[in-house]
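Visitor: Read off the chains here:
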Amino acid sequence: MFKKRSQQSVIDEWQRYQAQQAKACRNPILQRFYQMPLTDPEVPLSEVSFLALDFETTGLDPRYNEIVSFGLVPFTLRSIRPSDGYYQVVKPKCNLSEESIAFHRITHSQVATAPPLEKVLDELLERLSDCIVVVHYQHIERPFLDMACHKFWGEHCLFPLIDTMAIEARWERRGWKHQLKEALGLQPVSIRLDNSRQRYGLPTYSAHHAKVDAMATAELFLAQVARHYSPTTAIGQLWE
Amino acid sequence: MEAELREIRDHLSQNPPFDKLLDELLDDVVGNIEITYFKADSIILERGQPIHALSYIRSGAVETYHYNGELYNRLEEGDIFGQLGLLRQGKVRFPVKAIEDTLLYQIPKTIFDRLCDNDSFADFVELSGSRLKSTVDESLRENDLMTTRVRKLISRLPLMVEITVSIQEAARLMTENVVSSVLLIEPADEEDSDGVFRGDEGGLWRLKGMVTDEDLRSQVVAAGVKTDRPVGQLSDGRLITIQSDESVNEAMLTMLRNHIQRLPVLHRRRPVGVLHLSDIVRYETNSSLYLASNIFSRNSVRDLSRLIPEIRAAFIRLVDAGSNAKMIGDAMSSIGRSLMRRLIELAEDELGPAPIPYCFMVHGSLARHEQSVITDQDNALVLHDSFDPQHHDEYFKMLAKKVSDGLDACGYEYCKGGIMATNEQWRQPLAQWRRYFDEWIADPDPQRLLHSCIFFDLDAVYGEEYLVENLQDMIATKARYNPRFLGAMARNASNRRPPLGFFRTFVMETDGRQHKVINIKGRGLAPITDVIRVHALAVGSKAQNSAERLRDIEHANILPAGQVDKLQYALEFIALVRMRHQAFELRNDQAIDNAIEPENIDTAERHNLKEAFQVVNNAQNFLPYRYPYSA
Chain A
1 MFKKRSQQSV
11 IDEWQRYQAQ
21 QAKACRNPIL
31 QRFYQMPLTD
41 PEVPLSEVSF
51 LALDFETTGL
61 DPRYNEIVSF
71 GLVPFTLRSI
81 RPSDGYYQVV
91 KPKCNLSEES
101 IAFHRITHSQ
111 VATAPPLEKV
121 LDELLERLSD
131 CIVVVHYQHI
141 ERPFLDMACH
151 KFWGEHCLFP
161 LIDTMAIEAR
171 WERRGWKHQL
181 KEALGLQPVS
191 IRLDNSRQRY
201 GLPTYSAHHA
211 KVDAMATAEL
221 FLAQVARHYS
231 PTTAIGQLWE
Chain B
1 MEAELREIRD
11 HLSQNPPFDK
21 LLDELLDDVV
31 GNIEITYFKA
41 DSIILERGQP
51 IHALSYIRSG
61 AVETYHYNGE
71 LYNRLEEGDI
81 FGQLGLLRQG
91 KVRFPVKAIE
101 DTLLYQIPKT
111 IFDRLCDNDS
121 FADFVELSGS
131 RLKSTVDESL
141 RENDLMTTRV
151 RKLISRLPLM
161 VEITVSIQEA
171 ARLMTENVVS
181 SVLLIEPADE
191 EDSDGVFRGD
201 EGGLWRLKGM
211 VTDEDLRSQV
221 VAAGVKTDRP
231 VGQLSDGRLI
241 TIQSDESVNE
251 AMLTMLRNHI
261 QRLPVLHRRR
271 PVGVLHLSDI
281 VRYETNSSLY
291 LASNIFSRNS
301 VRDLSRLIPE
311 IRAAFIRLVD
321 AGSNAKMIGD
331 AMSSIGRSLM
341 RRLIELAEDE
351 LGPAPIPYCF
361 MVHGSLARHE
371 QSVITDQDNA
381 LVLHDSFDPQ
391 HHDEYFKMLA
401 KKVSDGLDAC
411 GYEYCKGGIM
421 ATNEQWRQPL
431 AQWRRYFDEW
441 IADPDPQRLL
451 HSCIFFDLDA
461 VYGEEYLVEN
471 LQDMIATKAR
481 YNPRFLGAMA
491 RNASNRRPPL
501 GFFRTFVMET
511 DGRQHKVINI
521 KGRGLAPITD
531 VIRVHALAVG
541 SKAQNSAERL
551 RDIEHANILP
561 AGQVDKLQYA
571 LEFIALVRMR
581 HQAFELRNDQ
591 AIDNAIEPEN
601 IDTAERHNLK
611 EAFQVVNNAQ
621 NFLPYRYPYS
631 A
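Going line by line, the protein sequences match chains A and B.
Be aware that the first sequence starts at 1, since it is given in the numbering used here, and climbs by one per residue.
Be aware that the second sequence starts at 1, since it is given in the numbering used here, and climbs by one per residue.
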């Protein structure tokens with residue numbers, strides 16, 4: 001049976017990667033980003049500055065699709081400060097598809113006046129640099145950001161982050177109940193952002209606005225820590 | 001304002017006391033909010049710990065406790081806590097525990113202090129009772145178009161399309177959204193220019209105009225314009241708008257001045273709705289009290305009974321127009337009395353003049369001028385002491401029967417307890433009535449107490465009024481000097497306890513049990529009327545109306561400071577909720593009752609009702625100290 005690699009090896013890998021990137025990166029922005037020391041994986045959650053991050057994109061594939069907006073909301077275990085957050089619409093190179101417009105309601109004329117991503121990418125990295133990033137579903141934010149850095153600067157940008165969807169999967173899709181459901185061919189519980197939030201008694205927000213989703217992700221994370229972990233849990237335990 | 005803050009703002013602005021804040025102040029609150037999360041069963045605030053923020057429950061539920069650990073209150077979405085601690089030395093007064101997973105918005109003390117400069121906010125957060133006060137005062141002014149803000153009449157976001165969209169697409173969207181107007185926008189690049197606002201997604205837009213159903217008729221269909229043309233060509237770019245903070249009155253004047261029926265409403269420069277003239281008309285609808293005069297021109301019971309729909313419509317109009325419960329009670333009572341007078345006149349026409357002087361009197365809500373839309377009949381006859389049953393009773397028996405049957409035909413059901421002049425016991429000469437009252441006061445047993453509660457609200461409707469006044473005087477002078485009677489009445493008045501309040505869609509009992517509905521009359525209105533009656537008797541008040549009784553009680557200075565005000569507001573509010581409930585049922589062709597379902601009451605109203613119940617409960621607790629019972 002497939003065995004998940006241990007969390008310690010995840011931590012080791014990130015530490016190795018960070019050291020390697022700090023040496024290898026030639027782009028000054030990335031250099032600065034990687035020369036910031038990696039957060040000590042032993043630091044308890046209660047002492048960490050987090051940053052919830054969400055991208056809206058023109059589609060799901062980072063090779064062909066692009067970022068159209070991003071939202072950031074800073075928080076700690078104690079509280080979330082939405083008004084200290086940040087939101088930016090960016091102008092993609094390709095045309096917006098009709099479906100994506102319907103999805104996040106960012107229209108042609110809105111992006112027309114927005115700056116292109118390369119103009120604001122350094123600012124985004126700056127904001128990410130001294131926080132632990134929290135996302136819901138890492139397979140959007142991580143590859144899109146990495147792809148953008150690769151496109152503009154020819155170098156990679158990866159870092160440990162916390163994925164509230166992965167946490168949800170960890171707790172909701174395990175144990176005998178889940179296995180029984182699986183054996184019976186039943187639908188597993190949804191771990192999408194809104195469905196996950198409902199399980200913690202969190203309110204429904206209008207989805208698909210990057211900053212609203214970032215705030216929603218931050219709230220979900222607080223709820224997950226309250227239910228499954230503790231303020232003393234080491235941050236490294238949750239790295240993805 | 002950014003989208004995520006609007007999520008917060010929209011929620012706050014629906015709940016008291018934030019719903020009364022000026023836009024600017026509200027934005028200030030929202031811009032400073034911090035969000036916290038507590039899982040079920042965790043302690044949120046401990047007694048005595050320093051407190052730095054007001055907490056607003058965005059989702060979930062909490063319980064607050066007395067010093068002794070007893071349940072003080074259960075709060076849910078839209079409620080606030082921590083205000084008392086913030087007002088007093090910044091220490092937590094009532095410990096708070098999450099009973100469900102709870103998301104809180106924290107409003108820092110600096111902002112809270114600033115909010116307290118605002119009168120209605122300060123009233124709200126200070127001791128209980130004042131929150132009710134501000135709502136009741138507000139509803140007195142509610143109908144005033146000068147003070148009502150435009151945003152109150154806005155119920156939905158405006159439909160907006162780019163000017164490049166085709167006429168047909170715009171019309172399709174209007175149809176799909178069931179609206180009769182659409183706002184036209186175009187991208188803008190300069191923020192600080194006229195009509196430019198920031199959209200949800202941060203883009204800049206300029207408001208270019210509006211297209212209405214009429215425009216589509218006159219400029220498109222009638223003019224034979226092709227519907228694939230851009231909708232922008234239908235607007236000449238001139239657009240009259242109004243700020244959401246402006247008064248409804250101002251909106252109406254603007255419409256009249258410019259011969260238009262629709263006004264886009266802006267919050268700062270962002271469109272937040274479209275106000276239609278009909279929204280204002282609907283809001284302003286006047287109550288018609290010409291009804292009472294109409295009653296006297298009817299010449300038969302059947303003609304009178306045909307007025308029922310009109311009476312009910314008048315009731316609904318009064319409620320919808322935002323009248324207060326006292327006004328509605330007065331209006332409905334005067335309709336009820338007029339109806340009864342006319343029935344007596346008609347009966348006299350038929351039976352001939354009465355052989356001896358008499359007075360028809362009423363009891364209960366009609367005597368107190370507190371009638372709602374339905375009531376059963378509580379009436380009695382006081383006859384002159386020259387009454388001789390052998391010669392006179394046949395006449396009065398017939399009179400009583402005709403009136404009672406007539407009332408029934410007009411929607412006032414027969415009294416199930418038999419409190420009607422048709423009942424011989426309640427068709428007596430003055431001397432006998434005096435003996436009754438004398439006995440009830442001197443030697444109150446349960447049956448007599450029940451009678452006292454009913455008959456000691458009494459008023460003349462027709463005939464020789466001095467007969468009833470004589471009885472009123474007698475009660476006023478005798479009851480107050482009889483502590484045993486007052487003690488018994490007081491005990492009686494504490495029998496029916498109001499519930500703790502509402503929690504979610506349940507009625508919360510003081511012992512934590514929950515019910516689906518509450519009988520607002522039995523558990524709210526009757527208890528508070530009873531409490532007021534006891535005090536009124538104790539101070540020798542001859543007033544029948546509860547509000548007037550409260551004035552007499554105030555003058556007599558027998559209650560702790562502020563208590564009369566609280567009772568006044570609680571009474572007003574409970575009565576109003578009942579009336580609104582009944583108006584709702586009438587409007588929806590449902591049977592009229594007193595069963596309030598919490599889910600049908602909006603949040604603000606629930607907060608107030610909860611507080612009103614607490615006022616009644618406290619007033620009941622006070623009674624045994626003021627009027628000790630001796631068996």
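Among these hints, one or two may not hold up.
[Said to hold, decoys possible] Not close to chain B: a few residues of chain A, all C-beta gaps over 12 Å, as computed: (1) S6; (2) Q7; (3) I11; (4) W14; (5) R16; (6) M36; (7) G85; (8) Y86; (9) Y87; (10) I132; (11) F144; (12) K151; (13) A210; (14) A214; (15) F221; (16) W239.
[Claimed, not checked] Per label pair, the in silico range of CB-to-CB distance: (17) A/E123 / B/N618: 55 to 61 Å; (18) A/E47 / B/D41: 42 to 48 Å; (19) B/E190 / A/Q237: 45 to 51 Å; (20) A/S206 / B/E176: 16 to 22 Å; (21) A/S49 / B/D41: 49 to 55 Å.
These aren't lab readings, by the way, just hints derived from the structure by calculation.
All C-beta atoms, glycine included, are put in the ideal place defined by N, C-alpha and C.
Visitor: Look at each hint and say if it fits the structure.
Guide: Hint by hint, here is what the structure shows:
The Cβ of A/S6 lies farther than 12 Å from every Cβ of chain B, with a closest approach of about 28 Å, so its non-interface assignment holds. Its beta-carbon lying about 24 Å from the closest one in chain B, A/Q7 satisfies the requirement of being farther than 12 Å from that chain. With 12 Å as the threshold on Cβ separation, the claim that A/I11 sits away from chain B holds: the shortest Cβ distance comes to roughly 27 Å. Distance check on A/W14: its Cβ is at least 27 Å (rounded) from any Cβ of chain B, clearing the 12 Å threshold; non-interface status holds.
Even its closest Cβ contact with chain B, about 35 Å, leaves A/R16 beyond 12 Å, as expected for a residue assigned away from the interface. Non-interface status of A/M36 relative to chain B is upheld: no Cβ of that chain comes within 12 Å, the nearest being about 26 Å off. With a minimum CB-CB distance of about 7 Å to chain B, A/G85 fails to clear the 12 Å threshold, and the non-interface call is violated. A cut-off of 12 Å between C-beta atoms contradicts the statement that A/Y86 is not in contact with chain B; the least separation is 9 Å.
Non-interface status of A/Y87 relative to chain B is broken: a Cβ of that chain comes within 12 Å, the nearest being about 6 Å off. Against the 12 Å criterion, A/I132 stays outside the reach of chain B, whose nearest CB is about 18 Å from its own CB. Every Cβ of chain B is farther than 12 Å from the Cβ of A/F144; the closest lies at roughly 18 Å, confirming the non-interface assignment. The beta carbon of A/K151 sits about 23 Å from the closest Cβ of chain B, which is more than 12 Å, so the claim that it is off the interface holds.
Annotated as non-interface, A/A210 brings its C-beta within 12 Å of a C-beta of chain B; the closest such distance is 9 Å. With 12 Å as the threshold on Cβ separation, the claim that A/A214 sits away from chain B is violated: the shortest Cβ distance comes to roughly 8 Å. Under the 12 Å C-beta cut-off, the non-interface status given to A/F221 relative to chain B is violated; the minimum distance is some 9 Å. Non-interface call for A/W239 relative to chain B: holds, since the shortest CB-CB distance, roughly 22 Å, exceeds 12 Å.
Restraint check, A/E123 to B/N618: a C-beta distance of roughly 58 Å satisfies the suggested window 55 to 61 Å. Between A/E47 and B/D41 the C-beta distance comes to about 25 Å, which lies outside the given range of 42 to 48 Å. Checked against the given bound of 45 to 51 Å, the beta carbons of B/E190 and A/Q237, roughly 50 Å apart, stay inside it. Between A/S206 and B/E176 the CB atoms are about 19 Å apart, so this pair conforms to the stated range of 16 to 22 Å.
Checked against the given bound of 49 to 55 Å, the beta carbons of A/S49 and B/D41, roughly 28 Å apart, lie outside it.
Of the numbered hints stated above, those contradicted by the structure are hints 7, 8, 9, 13, 14, 15, 18, 21, listed in ascending order.
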